[in-house]
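Please construct the entire structure, taking both the sequences and the accompanying hints into account.
Protein chains in written order, with the working numbering: chain A, 1 to 265; chain B, 1 to 666.
Derived from the structure by calculation, the hints contain no laboratory data. One should not assume that every hint holds.
[Stated by the list, open to error] The list that follows gives simulated cross-link-like pairs (lysine to aspartate or glutamate, DMTMM-like), each with its CA atoms no further than 25 Å apart:
| no. | chain 1 | residue 1 | chain 2 | residue 2 |
| --- | --- | --- | --- | --- |
| 1 | B | 491 | A | 239 |
| 2 | B | 340 | A | 37 |
| 3 | A | 207 | B | 493 |
[Unchecked claim] Covered stretches of chain B, going by a simulated chain A footprint (3 or more residues, C-beta under 8 Å):
| no. | stretch |
| --- | --- |
| 4 | 45 to 58 |
| 5 | 511 to 520 |
Predicted model only: the values in this text are computed from it and were never measured. Ideal Cβ positions, reconstructed from N, Cα and C, are used throughout, including at glycine.
Residues per chain, in single letters:
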Amino acid sequence: MIYSYYPGCTLKNKAADLDMYARQSAAALGFELREIEEWQCCGGVYPMAKDEIATKLSSVRNLNDAKMHGQSLVTLCSACHNVIKQVNNDMRTNEDIRTRANNYLKLDEPYNGETEVLHYLEVLRDVIGFDAVKEKVTNPLKGKKIAAYYGCLLLRPGSVLKMDDPENPSIMEDLIKAMGATPVVYPMRNECCGGYLSLEDKPAVAKRRETIVNSAKDFGCDCIITACPLCMYNLKKNESGVPVYYFTELLADALGLKAASEETA
Amino acid sequence: MQRIGVFVCHCGTNIAATVDVKAVAEELKNEPGVVFTADYQYMCSEAGQNLIQDTIRNERLTGVVVCSCSPRMHEATFRKAAAKAGLNSYMVEVANIREQCSWIHKDKVSGTEKAIILARAAIAKVQLNAPLTPGQTPVTKRALVIGGGIAGIQCALDIADAGYEVDIVEKKSTIGGKMTQIDKTFPTLDCASCILTPKMVEVAQNEKIHIYSYSEVEAVTGFVGNFDVKIRKKARYVDETKCTGCGECTTKCPMKKIPNEFNMGFDNRSAIYIPFAQAVPKVATIDPDHCNMLKNGKCGVCAKICTANAIDYKQQDQIIEEKYGAIVAATGYNHIDVSKYDEFAYNQSKDVVTSLEFERLMNAAGPTGGHLKRPSDGRDPKTIVFVQCVGSREAPPCAKGGKEYCSKICCMYTAKHAILVKDHYPDTNVYVFYIDVRTPGKLFDEFYRRAVEQYGVHYIKGMVGKVAPQGDGTLMVQASDLIANDQLHIKADMVVLAAAIEPDKSARHLATMLTASMDTNDFFTEAHAKLRPVESPTAGVFLAGVAQGPKDIPETVVQAGAAASKVIGLLSKDQLTGNPCVANPDELMCNGCSSCEKVCPYGAITYADKEFRQPDRTVAIRRVAQVNPAVCQGCGACTVACPSGAMDLKGFTNKQIMAEVDAICR
Chain A
1 MIYSYYPGCT
11 LKNKAADLDM
21 YARQSAAALG
31 FELREIEEWQ
41 CCGGVYPMAK
51 DEIATKLSSV
61 RNLNDAKMHG
71 QSLVTLCSAC
81 HNVIKQVNND
91 MRTNEDIRTR
101 ANNYLKLDEP
111 YNGETEVLHY
121 LEVLRDVIGF
131 DAVKEKVTNP
141 LKGKKIAAYY
151 GCLLLRPGSV
161 LKMDDPENPS
171 IMEDLIKAMG
181 ATPVVYPMRN
191 ECCGGYLSLE
201 DKPAVAKRRE
211 TIVNSAKDFG
221 CDCIITACPL
231 CMYNLKKNES
241 GVPVYYFTEL
251 LADALGLKAA
261 SEETA
Chain B
1 MQRIGVFVCH
11 CGTNIAATVD
21 VKAVAEELKN
31 EPGVVFTADY
41 QYMCSEAGQN
51 LIQDTIRNER
61 LTGVVVCSCS
71 PRMHEATFRK
81 AAAKAGLNSY
91 MVEVANIREQ
101 CSWIHKDKVS
111 GTEKAIILAR
121 AAIAKVQLNA
131 PLTPGQTPVT
141 KRALVIGGGI
151 AGIQCALDIA
161 DAGYEVDIVE
171 KKSTIGGKMT
181 QIDKTFPTLD
191 CASCILTPKM
201 VEVAQNEKIH
211 IYSYSEVEAV
221 TGFVGNFDVK
231 IRKKARYVDE
241 TKCTGCGECT
251 TKCPMKKIPN
261 EFNMGFDNRS
271 AIYIPFAQAV
281 PKVATIDPDH
291 CNMLKNGKCG
301 VCAKICTANA
311 IDYKQQDQII
321 EEKYGAIVAA
331 TGYNHIDVSK
341 YDEFAYNQSK
351 DVVTSLEFER
361 LMNAAGPTGG
371 HLKRPSDGRD
381 PKTIVFVQCV
391 GSREAPPCAK
401 GGKEYCSKIC
411 CMYTAKHAIL
421 VKDHYPDTNV
431 YVFYIDVRTP
441 GKLFDEFYRR
451 AVEQYGVHYI
461 KGMVGKVAPQ
471 GDGTLMVQAS
481 DLIANDQLHI
491 KADMVVLAAA
501 IEPDKSARHL
511 ATMLTASMDT
521 NDFFTEAHAK
531 LRPVESPTAG
541 VFLAGVAQGP
551 KDIPETVVQA
561 GAAASKVIGL
571 LSKDQLTGNP
581 CVANPDELMC
591 NGCSSCEKVC
601 PYGAITYADK
611 EFRQPDRTVA
621 IRRVAQVNPA
631 VCQGCGACTV
641 ACPSGAMDLK
651 GFTNKQIMAE
661 VDAICR
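Here is the structure:
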């Protein structure tokens, strides 16, 4: 199984771990991630202005590249996933945006939202299957109580992303179970981490961070996992010292890849 | 040749402002057959009707065309007036120059032109009209009330009081409906059971009323005055005539862990059960899904201990066939399933409850004996947050099962809950989050203000965004205060959701059986929103209670009484005058193909073998269509379906319709 893969800018520097462990795990689970050539930044934030078009074009280029290879497009970063999936929905359903985007891009053939966009977690759940993941686990994270942190972008808007119930999700909890650990369900798991406010209002982010981490701690977690580099940045240095990992890191650990890679290093 | 009089109505300025009525009257003088035209300010007034009657006599009119409002509005008025002057009612036609002309046009020239065309069509039709005489059908003097809640109970009592027999069909094992589960009623705070249970007993003791409990309507055929109804009396595995309601069986039944629906699952009942002490009929019922004896033939305890010998494990569903003159739909409501509203954590926390569940937690006959306890740990709640409009007044597409409409009763019962909590436990903090507080009703606003001013309930305009169960068992309620423009975080012990109400699921199937119409929300529609609010457009079917739209108890009782008076009015007649505009097959042209029978929604068409003389003087027997004029509603579906053109509708014959079309196209 080969997928087109869009890592996004952050995964090339600050969140290199998220990318590296995802690739290793994919190989172990039997699917390949083909990085799109000459990809560009997704734009970071899905533009809310109805007539905005320029910032959507790079997503369409990436989507078209996957289409030309006849592959589904896999993303990992919550923000990239959100932007690309929403733009794809626009290309499929909004005639105005579709026409204008195609006019700008002058592709060989117009792109009409044909590509299927999948989050890495969706591949694990819907294609590989959590049962199959469980079978490949060689280093079960037994006894570990893990709190999944979804944030706001990974699942919302639910009607477009169609990944899980945004108010009461289960996809990461199911993955945690597959990895042999115990999921911790806590109410703040789908609340915003503060996002880009960390650039100009650090106290606001600190307040959100502590609310989220304390909620997870109250329900007895040992650590928190996330899929989003920005959430990671905002949650990491919490006052309680609860460790925050990318979910791919723990997945690689459970699959026995982390120890191996550390040994070779 | 007919002698036709044309009467053009001004309807004040409703018509006259957009249609030159005098020009219309003048122009129509030239139509063939027209011997008289006039215009008048209000044709429907007594003077207007007199004008028609005088003209019929003086000009010896054989046909009348009134150019006025929709025939739905005043056709009956003008027909009655004509009949008084000795003209057959069905020689009167109405040209609708208001709803279909003056109200939708702005330009007087085109409005006038269209009015003339519409009148010409009506004149062309009257040319071909023939006098019609309606038939008479007898009335079965017995009413059926479907649903045994407060609406059905009140309606049945009122009908019985007038001396007519009434049957109540109730799908649950007892009558009483939702009101049995309610603690107190607003705005007087009297106990719901204390005012309801005497009425239930009255129903049971009234010899004119028969209760079919644990029963459902299976099929309805027939028509106003003559409905044939099949009622399925579900097997309750207990002989109603023998059971004394002692309840001994319910205490001895070994299957005791079944969630008790009556207490909203807060406690358990046994497999053989009586829903509550005041049930009517007070008869035990065996739940076949949980009874060991019925499931695998092992047990039989209840039969052994029953001194009345009432247990019958072999009981079967019974079909009862009965005739009725009138039917009242009083099928009631349920609140919506709130489990999709995950932001309120209803699935995650036992301490998030719906308002009906809260009623049981406050009720002296409820699972806690009336002491308000948190369902999770039995502690006294110190802070309670009420959330209004959960699923009501939602913007489409309402993906979580919400409704666009206002459920109407929640503002008042939430105020009631808030007052009761503060009254019983004054040191409790009570918050109510609302979009708007809607309290129109006698003494309603005073009641709400008492909650705020006297009891100190915190009413906050804004919606709750999230209810988050905390590690310490409390609930963090995150909400916005729209007036203070503030974000609130309230640590609550309980959250109560005022869930939207929706019609009972059985209503849609029933509406199909009754051929009664429903709106998009599955509420029964009334024949006229303002002037015929308790009648369905289907003759002989009447509406009471929330089945027609959200309403509180006083309103429900009012509507039930109104429906009863309509039923009584119908049943007091010995004969009903039918509609003579019914389908009429030409037997010589009919080839018995059954096309008409297939499209008839009322089952009015049957077939008979008849003898016909052939051209060669032999006699052949052919199968031909027969229309029961008492059942036919004159919809005309068969006239369109008939491939040989044998079916015609009296008063709307194919020839008449074509003449109208010709007149319009002229």
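Hints versus structure:
Distance hint between residue 491 of chain B and residue 239 of chain A is fulfilled; the C-alpha atoms sit about 23 Å from each other, no more than 25 Å. Restraint check for residue 340 of chain B and residue 37 of chain A: the C-alpha separation of about 42 Å exceeds 25 Å, so the hint is violated. Of the supplied pair hints, the one linking residue 207 of chain A and residue 493 of chain B holds, its CA atoms being roughly 24 Å apart against a limit of 25 Å. With 0 residues having a Cβ less than 8 Å from any Cβ of chain A, the stretch 45 to 58 of chain B misses the three-residue criterion, and the hint is violated.
For a cut-off of 8 Å, the count of residues in the stretch 511 to 520 of chain B with a CB near a CB of chain A stands at 0, and the three-residue condition is violated.
The structure is inconsistent with the numbered hints 2, 4, 5, although it conforms to all the rest.
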